[in-house]
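Same order as they appear, the protein sequences are chains P, D and B. With our numbering applied, the first sequence closes on residue 204, and no number is skipped along the way. With our numbering applied, the second sequence closes on residue 792, and no number is skipped along the way. With our numbering applied, the third sequence closes on residue 1015, and no number is skipped along the way.
Computed list of lysine to aspartate or glutamate pairs in DMTMM-like fashion (alpha-carbon distance at most 20 angstroms, straight line): (1) B:K898 / D:D378; (2) B:K898 / D:E466; (3) B:K844 / D:D769; (4) B:K844 / D:D772; (5) B:K844 / D:E771; (6) D:K773 / B:E841; (7) D:K513 / B:E855.
Hint data in this document are derived by calculation from the structure and do not stem from the laboratory. The model shown is predicted, which means the values in this text are computed figures rather than measured ones.
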Amino acid sequence: MAHAATAGRVPERGLDVYTQKVGMWVFLCSEVMFFAGLIGSYVVLRFGAADTWAVPNEVLNVPITAFNTFLLICSSVTMVKAFAAAQAGDQRGIKVYLLGTTLLGATFLGVQVYEYVELVLHQSWQGSHGFTPAAGLYGATFFTMTGFHGFHVLLGVICLAWATIRAWRGHWGADNTHGIEVLGLYWHFVDLVWIILFTIVYLI
Amino acid sequence: MATIVAEATGQAILHEEHEQSFLRKYIFSTDHKVIAIQFLIYTLFFLMIGGLLAMLMRYQIAWPARGELPLGGIFPESMVASGYILPEFYNALVTMHGSVMVFLAIMPMLVGVWANYLIPLQLGTHDMAFPRLNMLSFWAMVPAGILTLASFFVVGGAAGAGWTLYAPLSARPDLTGVGLGQILWLVALVFIGLSSILGSVNYITTTINMRAPGMTWMRMPLTIWSLFITAILALLAMPVLSAAGIMLIFDQTIGTSFFLPEGGGQPLLWQHLFWFFGHPEVYILILPAMGFTSEILSVGSRKPVFGYKAMVLALVSIAFLGFIVWGHHMFQSGMNPMLGLTFTVSTLFIAVPSAIKTFNWMGTMWRGNLQLHSAMLFAIGFVAMFAIGGLSGVFMASTPVDIYIHDTYFIVAHIHYVLFGGSLFALFGAIYFWYPKMFGRMMNETMGKIHFWLTFVFFNLVFFPMHGVGMVGMMRRIYDSTGYAHLQGIEDTNAIITWAAFGLFASGFLFAFNFFWSLKKGRKAGANPWNATTLEWQTPSPPKHGNWEEVPVVYHGPHEYSHPDVEDKDWLAQNERPDVVSPAAGSH
Amino acid sequence: MDWALPPNYSTFGVVIDQLFWIILVITGIAFLLVEGGILWFCLKYRGREGAKAHYTHGSNRLEIIWTVIPAIIIAVLGAYSALVWDDIKGSSNRPADALEFLVVGKQFEWNITYPGVDETLGTADDFTVRNQFHFPVNEDITILLESEDVIHSFFIPELRVKQDAVPGMTIPVWFDATQTGNFEIACAELCGLGHYYMMASVTVHSAADFDAWQASQAPAAAQ
Ligand code: HEM
Ligand SMILES: [Cu+2]
Ligand SMILES: [Cu+2]
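From just these sequences and the hints, can you work out the full model?
Listed below in structure tokens is the structure:
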């Protein structure tokens, strides 16, 4: 009697989609609302602010973040490639692309940590030294939104690293692609959120 | 997230039948039925804690000048000094009573217990889509409970800014004297959010994808419909509360000022975020109760649910409308009054589906063959009490009237008619009803009926007069009302309410006694003691690990009672083969 | 036991109370219908051995009836409420030449700033009195409501006035008292330890008395 086994094994009577994928989509709806809460607050606070909002260019390091954005977009591409490789049963491809995605994600995090350290230690803000979450609404919203995004990237990188290890053990293949696909959904979502955040926080 | 991925990779699939250790079987179990029972014990415990806090509060309201709190000596000096409940402790009581009841008792009892227990059983599947995620959703509640209890004993005491946590009061320890206690509660809330979201992912996915063959959407029992819609509400509303709660924690700890005007923040932003979550939350707190009621009324009346489709439509429309009415909590908040107008309109509209449901429940009872057992009494009690709560909602939805009654005891009466008379009555009914399935024995009927009548009478004695006290103008959350000229003359009413409240609390112990006594001494139930049609009754009580030897196949609608073509009995199980029973009966 | 609205002494209170009673009658009828129906069904259809219930899945006609009737009642109530609300709160209905006061809530007191004899705020003869609100009868009064610390709520039951005071905002509230007398401002929003005693006295004077009172205060405040 295989109880937990029903997931994916017993013919399903619901959507024509396997359960884990449905689960991830449902979970992502919740994530959308989480970021909507943060971004919505940002919009309300920014447009309700009495004094003018700081110009991103004068506080934040936009070029390096643009580069970081590029990395994350690349990682979405490698993620797609990893899934394609899995479907094709290309073991080498799976390993290379999963590893690539993991490393790109990790680099993104590294750059973000570097950015934070620079801001907190060296950036000046309204005459005083150090741009922190306590630096007005600008600092508060900046660190909260990018920080929670970073946290999501971190979770993703951990899962990716684990998927990569399994790739080396030969876990994935043409008959076992679900895990990569589901992880990919999450990863693309995180990527998409970043593009929105990058636009509203760094560009406008 | 990691768990979904883990289960996708196939790990969870390899559970062979094997002897499970005690720890695996009862503590870190992934069986939805065990998790439901864990939730049940957890929530009954917090129901008692919440009740206890309420008793202390009522003592203070009735006899503010008396002191002499019975057993007052067992409390630390920071809470009760020489028999007097201190104002700071009173604020903690008001806050934590509401918070504990909403987040640690009623909500997890409605959803954590019954969504877990019923969804796989009523849908005819072996377990939830993600059993380990499910286990996590219970274990996330444990730190939440511990933090909540601990918060009473830290310096400054437990949170004291109301369950609605209005900033800046909730954000500035210097203005309340409460520091760590507030933070602990907010962290607990984040855990609760996590638990609720994980649970919802499970309930929704299971409902979408794991129904037994033949279990079409319109053959799902109304319990499932209501739990499914509730899960969607929780999935979309809880993350907003989590986001807001995290911002509030940051305001307290790392010097941000999201909600603090000195730093450019907006106190009203908190209210918008809170109520954007909060109104869907009140429907999270009532929809499952509506589902249980529909189910029990149908079984107890031996009739199909009257207007099944309308019931489903009402649930769905409540879910939609529930996201656009939040501003009705903010009519007097300083929000643009013209915005208030739009919220009046949406709020009045959301009363319509509630009315439809009430009439359909009465329609279900009409010309029935009513079996007035304890579960049925509580279900009927639900309809009677929920109607009062819905009607008092009309007063408040009318903005001009709300000017006067907002933040008075009238609101307190409303809340309790919907949440106690509504949700909790339905929950008691659900426990009497599904207890035999859970534990294989019936709860004692005599005690059950006495429990119902005591609860019913005391409940109304406590909360009906609160409408009156609210009309007189008594404000919510005040420690002592006797100093106000306009509140002279309500002392007697307040004392009566308090005595009745003690009675209400005491009658809970009869229930608790019955609950534990029946575990050992209750009459053996058999698979289907109520002659009910839904799938959970077509498997032994309690169901084994995995629920079914063979996955059932569904042929009929969920509530086929007293079908004229069925002879010898007045019910038709969902999985009875039509050719065996009667060819004509297969049409629904 | 006295479960009634306190006597009303304001112009707006008249319509508010009227609406309250209208809703009470409507909901009262609904209450009797529902509760009476439930009770009647419980007695009439109480289960008997061997009886079989009437098999029905519902009735579209009945369901439409009990959807449409409440919807109409509610729509009418909503429309009427909206009109009254706009009358009371709509910014276009803010009286133009009202006498203005500044009311600032803070833990746990109400500070009222008076316009002085020139009847305008922000001039030299303004003065502030703690926890005492005096104003003339039969005259449009507007208060500018503010808070120094947390959210409070300005509530005068007899005048049917309630408005939250929010730090960082200035919220205008207007009303017109119809009788002289002594009342209280209560705080209706939990604001901390002293929430329950955050109370101020309200004195509604005749016009002449108010001028006299203000004159008696002004020199004291000017020193
Ligand atoms: C029938 C439709 C209902 C209407 C028209 C309605 C209307 C309202 C309104 C306008 C308020 C705000 C009053 C104020 O603060 O001045 C309110 C408060 C509240 N309602 Fe309802 N309500 C309805 C049903 C429910 C249900 C079903 C529940 C819960 C199960 C519920 C729970 C609450 C709670 C908890 C509050 C108070 C929140 C607080 O301030 O602490 N209501 N309701
Ligand atoms: Cu609401
Ligand atoms: Cu107050």
